[in-house]
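S.K.: Use these hints to put chains B and C onto chain A, whose structure you have.
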Amino acid sequence: MSAIISRVLQRREAVLALVIAVVCVVVTLISPQFVSGTNVVNILTSNVVLAVLALGMAVVLVPAHIDVSVGAQLAVVAIVVSDLVIAVGEASVLVNPITMVILGVLMGAVLGALNGVLVSWVRLPAIIVTLGMSSILRGVLFATTKGTWSSGVPGWLSSLQVKGPLGVPWVLVILAVTVAALWFFMHRTTAGRNVMALGGNREAAARLGVKVGRVDMTVFVIMGALSGLAGVLYVIKMGSAQPGAAVGIEMSAIAAAILGGASVFGGRIHLAGTLLGVLLLGVIENALVLSGVPVYWQGLVSGLIVVTAVTAAVIQDRRAARAQRIAAMAPKEQ
Amino acid sequence: MKQFMSRHATEWVLLGLLVVLFFAVSTLSPNFLSSNNIFQLARQMVELSIITSAMACIIISGGIDLSLGAQVGLTAVTMAVLAVNGCPLAVAMLVGLLVALAAGAINGVLVGYVGVPPLVATLGTSLVFAGAATVMSRGRAVSGFPKEYLVFGQTMWGPVPAQVVAMLAIAALTWLLMTSTRWGRKVYLIGANPIAARFAGIRVPRVLLTTYVFAALLAFVVAVILSSRTATARVDLGDAYVLSAISAVVFGGISIMGGRGNVLGAFLGVAIFTVIQNGLGLAGVSVFIQTVVIGAILIVVLTARELFARARALRTTSALQPSAVATTKEESL
Amino acid sequence: MTHDAHSLVALERVSKTYSGIRVLTAAHLEIRAGEVLALVGENGAGKSTLMKILAGAERPDAGAAMTYFGQTYEAVTPQQTLDWGVSVIYQDLSLFPNLSVAENLAFSRARQAGTVYRPGQWRTEAVALLERLGLSFDPDALVETLSFGQRQMIAIARAVASDVRVIIMDEPTSALSAVEVDILYGIIDQLRTAGVGIVFISHKFDEVFRIADRVTVLRDGQVITSGPIADYTEDDLIAAMVGRRTEYDAARVEGEQGPVVLSVRDLMVDGVDQPLSLDVHANEVVAITGLVGSGRTELAHTLFGITPAAHGHIAIDGVPVTVGSPAQAVAHGIGYVPEDRRLQGIFAGHTLSTNVAISAFDRLLDPLRRIDPRREAALVAQYISDLDIRPARATADAGTLSGGNQQKVLLARWMAAKPRVLIVDEPTNGIDVGAKREIHRLLQRLAASGTAVLVISSELPEVLAIANRILVMRHGRIVAQTTPEESTQESILALELNGGAQ
Numbered sequence: 000m001s002a003i004i005s006r007v008l009q010r011r012e013a014v015l016a017l018v019i020a021v022v023c024v025v026v027t028l029i030s031p032q033f034v035s036g037t038n039v040v041n042i043l044t045s046n047v048v049l050a051v052l053a054l055g056m057a058v059v060l061v062p063a064h065i066d067v068s069v070g071a072q073l074a075v076v077a078i079v080v081s082d083l084v085i086a087v088g089e090a091s092v093l094v095n096p097i098t099m100v101i102l103g104v105l106m107g108a109v110l111g112a113l114n115g116v117l118v119s120w121v122r123l124p125a126i127i128v129t130l131g132m133s134s135i136l137r138g139v140l141f142a143t144t145k146g147t148w149s150s151g152v153p154g155w156l157s158s159l160q161v162k163g164p165l166g167v168p169w170v171l172v173i174l175a176v177t178v179a180a181l182w183f184f185m186h187r188t189t190a191g192r193n194v195m196a197l198g199g200n201r202e203a204a205a206r207l208g209v210k211v212g213r214v215d216m217t218v219f220v221i222m223g224a225l226s227g228l229a230g231v232l233y234v235i236k237m238g239s240a241q242p243g244a245a246v247g248i249e250m251s252a253i254a255a256a257i258l259g260g261a262s263v264f265g266g267r268i269h270l271a272g273t274l275l276g277v278l279l280l281g282v283i284e285n286a287l288v289l290s291g292v293p294v295y296w297q298g299l300v301s302g303l304i305v306v307t308a309v310t311a312a313v314i315q316d317r318r319a320a321r322a323q324r325i326a327a328m329a330p331k332e333q
Numbered sequence: 000m001k002q003f004m005s006r007h008a009t010e011w012v013l014l015g016l017l018v019v020l021f022f023a024v025s026t027l028s029p030n031f032l033s034s035n036n037i038f039q040l041a042r043q044m045v046e047l048s049i050i051t052s053a054m055a056c057i058i059i060s061g062g063i064d065l066s067l068g069a070q071v072g073l074t075a076v077t078m079a080v081l082a083v084n085g086c087p088l089a090v091a092m093l094v095g096l097l098v099a100l101a102a103g104a105i106n107g108v109l110v111g112y113v114g115v116p117p118l119v120a121t122l123g124t125s126l127v128f129a130g131a132a133t134v135m136s137r138g139r140a141v142s143g144f145p146k147e148y149l150v151f152g153q154t155m156w157g158p159v160p161a162q163v164v165a166m167l168a169i170a171a172l173t174w175l176l177m178t179s180t181r182w183g184r185k186v187y188l189i190g191a192n193p194i195a196a197r198f199a200g201i202r203v204p205r206v207l208l209t210t211y212v213f214a215a216l217l218a219f220v221v222a223v224i225l226s227s228r229t230a231t232a233r234v235d236l237g238d239a240y241v242l243s244a245i246s247a248v249v250f251g252g253i254s255i256m257g258g259r260g261n262v263l264g265a266f267l268g269v270a271i272f273t274v275i276q277n278g279l280g281l282a283g284v285s286v287f288i289q290t291v292v293i294g295a296i297l298i299v300v301l302t303a304r305e306l307f308a309r310a311r312a313l314r315t316t317s318a319l320q321p322s323a324v325a326t327t328k329e330e331s332l
Numbered sequence: 000m001t002h003d004a005h006s007l008v009a010l011e012r013v014s015k016t017y018s019g020i021r022v023l024t025a026a027h028l029e030i031r032a033g034e035v036l037a038l039v040g041e042n043g044a045g046k047s048t049l050m051k052i053l054a055g056a057e058r059p060d061a062g063a064a065m066t067y068f069g070q071t072y073e074a075v076t077p078q079q080t081l082d083w084g085v086s087v088i089y090q091d092l093s094l095f096p097n098l099s100v101a102e103n104l105a106f107s108r109a110r111q112a113g114t115v116y117r118p119g120q121w122r123t124e125a126v127a128l129l130e131r132l133g134l135s136f137d138p139d140a141l142v143e144t145l146s147f148g149q150r151q152m153i154a155i156a157r158a159v160a161s162d163v164r165v166i167i168m169d170e171p172t173s174a175l176s177a178v179e180v181d182i183l184y185g186i187i188d189q190l191r192t193a194g195v196g197i198v199f200i201s202h203k204f205d206e207v208f209r210i211a212d213r214v215t216v217l218r219d220g221q222v223i224t225s226g227p228i229a230d231y232t233e234d235d236l237i238a239a240m241v242g243r244r245t246e247y248d249a250a251r252v253e254g255e256q257g258p259v260v261l262s263v264r265d266l267m268v269d270g271v272d273q274p275l276s277l278d279v280h281a282n283e284v285v286a287i288t289g290l291v292g293s294g295r296t297e298l299a300h301t302l303f304g305i306t307p308a309a310h311g312h313i314a315i316d317g318v319p320v321t322v323g324s325p326a327q328a329v330a331h332g333i334g335y336v337p338e339d340r341r342l343q344g345i346f347a348g349h350t351l352s353t354n355v356a357i358s359a360f361d362r363l364l365d366p367l368r369r370i371d372p373r374r375e376a377a378l379v380a381q382y383i384s385d386l387d388i389r390p391a392r393a394t395a396d397a398g399t400l401s402g403g404n405q406q407k408v409l410l411a412r413w414m415a416a417k418p419r420v421l422i423v424d425e426p427t428n429g430i431d432v433g434a435k436r437e438i439h440r441l442l443q444r445l446a447a448s449g450t451a452v453l454v455i456s457s458e459l460p461e462v463l464a465i466a467n468r469i470l471v472m473r474h475g476r477i478v479a480q481t482t483p484e485e486s487t488q489e490s491i492l493a494l495e496l497n498g499g500a501q
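Protein chains in written order, with numbering that gives the first Met the number 0: chain A, 0 to 333; chain B, 0 to 332; chain C, 0 to 501.
Looking at chain A on its own, in the form it has when it is part of the complex:
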């Protein structure tokens, strides 16, 4: 029995689910309104933006890259989409939720491709490329909008936050579809397997004929596409957009991905874990709010969780790597 328990606990998802459950129980004792139906749905829907970004980040982390421009990408798409729908007003064949999602994804993909070219072809470090891209995109945004907000997104779009089939808000449906698509890509396509291979042993992948540059590009395009989707979801959720949208969200996305099981050294993908990571962060934030803890504590709490999780993950990774190295040493024969 204890063997089964320890085996289960090895899985990151199980640990996260356990922690979430514990936190939920504790919070409910303090503030019973935590488990109200509306609250639960609220937690889920208000974290969809972060969830989509974190999923993309999990993919980017596999080949040991990083992307800190996702907030800026999100803001660009959010502003374009919100300006468009506000200007157009009524939903039509050309401008409706479906086309807006497609537009957002495509725009994001293009932005991601810009990062991809610099990382895969020019081979600049991802951190530098995405840092620079982030400031370029933000600067352009602020300059063109002069810092103004676009608000008053029509109801046919913003209602997707609460309305949906069988009572499930459309944003959650979109999230579910996204997770499914990503899962399919990573586990059921050769391209996705190539991404995993690159994360496991880049030289071996190259030796076996994998086009490394193409894989790097793919990863950033996917991240960009997901940032674009997150931008549309942002507009749905906030009903507005502004050039300073989602500043700093990169950190939370990276944190959620790492909480969910992504290794800082690459090679692992845990989509479910990432979602749980987002959920944990969301639950804690909600718990703090409900417990009457002032808003300004949230940053510190999430920060501490992130640092602890990352440190623990790294220690675990290094111990495993060291054990591997010893096992992998051409052992002296018997």
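Honestly, the hints are just simulated from the structure, not real lab data. It is possible that some hints are incorrect.
Reference listing, derived: stretches of chain C covered by chain A, where coverage requires no fewer than 3 residues with Cβ under 8 Å from a Cβ of chain A [unchecked claim]: (1) 70 to 84; (2) 104 to 110.
A few chain B positions that, by computed beta-carbon distances, are all more than 10 Å from chain C [to be verified]: (3) PHE22; (4) LEU167; (5) ILE296.
Heads up, the beta-carbon is just placed ideally off N, CA and C, and yes, glycines get one too.
M.R.: For chains B and C alone, kept in the frame of chain A given last:
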């Protein structure tokens, strides 16, 4: 002499670029060369230059510190909250210093002893530092420093602001530390080849710890200068400097991989960026476009450098017999 | 059994020069269908280079003729040889530790199969393959959980999975248990029946005589002899491997052995189950020799604190010391010139001066505790002239120096540290003859000045020339101790191959 010139080629190019820029901007905006503006320029440079000095050391060691901005905010807020609540200024500043040292130590331990990659470690600690600062400041700007505090930000020694002198002193000190002390050499060597550094008997974790603590100290100085200039402390006081510092460092010829480059080059990089920003500002270009320009320059310069390096490598190897794969190690055959 | 003498791959006139050093000279090799060819030779004979050239991973010098399945080329690419069915099992195995056994086995085939990836199909095929080969692995286990020997089996299985026509294995049984070795022999038999050509590099004569049909012996980059295994005895092979070659001038330390400087007792090196003891005296050079994988570098790393031992006693000049890290080792007066000078020794991009002075920083300080450039320059200039390092410019980029000069820089670095014990790992690997002689004399001088010198070397003539005592290692243990007077290259090689065996 020729050797000196060629070894510092990047720095000479930068200096030349700076001079050219000076002329260009002064032609476009006659106001540029006014003594008022020059001092404004120097003052603009101060914080960025000091943070850049800190960032330069860390990047040379092969790492990166994304938490420097948050450290500035944290130490400034700490001192402000204490001072506002009646703590004697000297004590408040001492506590601020201790907080800075602690922050640097946390980074240093995570990177040097635990082995967390610097990128992720400092990303995480920046959240913690900013979070702690937010808690202390209740998310608001804190003002109410005693009058004596303003001396740091606003003293003039003759025509020259004291901060400018501090900036120059720190740049010189950092340069001295990195080039003439054993610690500085070790930082370079760790960045150049961390494995060989260990094999050579260098105490890598200890050197890394010292490096991050040093950076934290410099961030503390910036915190004092910034918060005393405006007599206010905010959590996001230092946020703008991280990217610009990294850009200046890289622009100044320091390799992002570590192990090579010169703190002087980074200083020139800061000068160039500030001149550009100042010039653009005088020309009426919005602040936002300025950030775009900085980001774009960073990427363009790095791309150009990479492509030139590749072109050069191609030219040299095509002279020899081409080999399918270049081996880096002569294995036991 | 050459029942089918059909030639699959034939290499002729293959030469290879690395930065001025001739590593292969007019080597030739033929792989025939259904035949196992053993490639035999000492460390440094050129076996791995020849295999890399065969696989297309290295390009031979001009003038080579490489014939693959009927077509002749001057040079080929790895992708080409892969497509033609030449499968190489590299020493690092090229596996993906984060993927499962089944995924690793199917990797290449899955990529060719199209966009959609069907794990079920590959798992079934993997199970079938493992069964066919007699291996019992959990197809879903992640490769990172397997031991090195197990990974070797998976790498071999993967090579077999594709439509392979030629398989090259480099020391395939070095990490396998007896059971796994038998399984491997079974796989090789299966391949042989299927008409696959197999080349394997090995040091184990029992294995060579058991499974090889033909053998090719390399020495100093040349093919000495080649033919059916039945035509040879073990002594024939040893003689061919060692041969009569240039011997080095004796550069041995004269005079009496001094007092014990380094004393090691019951040291438990990671991964070795038997404790190890040895002594090194002043005024003597002790050479440690053995085959690749015999544990010499592991011993050096343990003595230098890179992988500290859990148990054991080390004493310097009679004083017990704990060596828990390289920094501690240096503090106790132990120095180590590493095997891979580029990866572990030289700081490329930094000056010759920095590379030499690094161990001596503490002695070069001015009153302000800064490194005094004049004292540094004086120290470095002394070593540059003493060791004849070229170019004789302290500001030269150490990364651009030739191998021999880089080695001298490393030696200068450690000599400047004035250690009590200096461990030198393969000091003349990849260095020309003239430089080798210089380094031998340097080591001799060092030992004569009172330092305990421990030299790890695979080059037997070198060992005979410079050592006062020779320790032979095998399987992580010291299996023999001898002196140059009592030994020949053949006798030492025999000890390396068989020493300590029942």
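S.K.: Flag every earlier hint the structure violates by its number, smallest first.
M.R.: none
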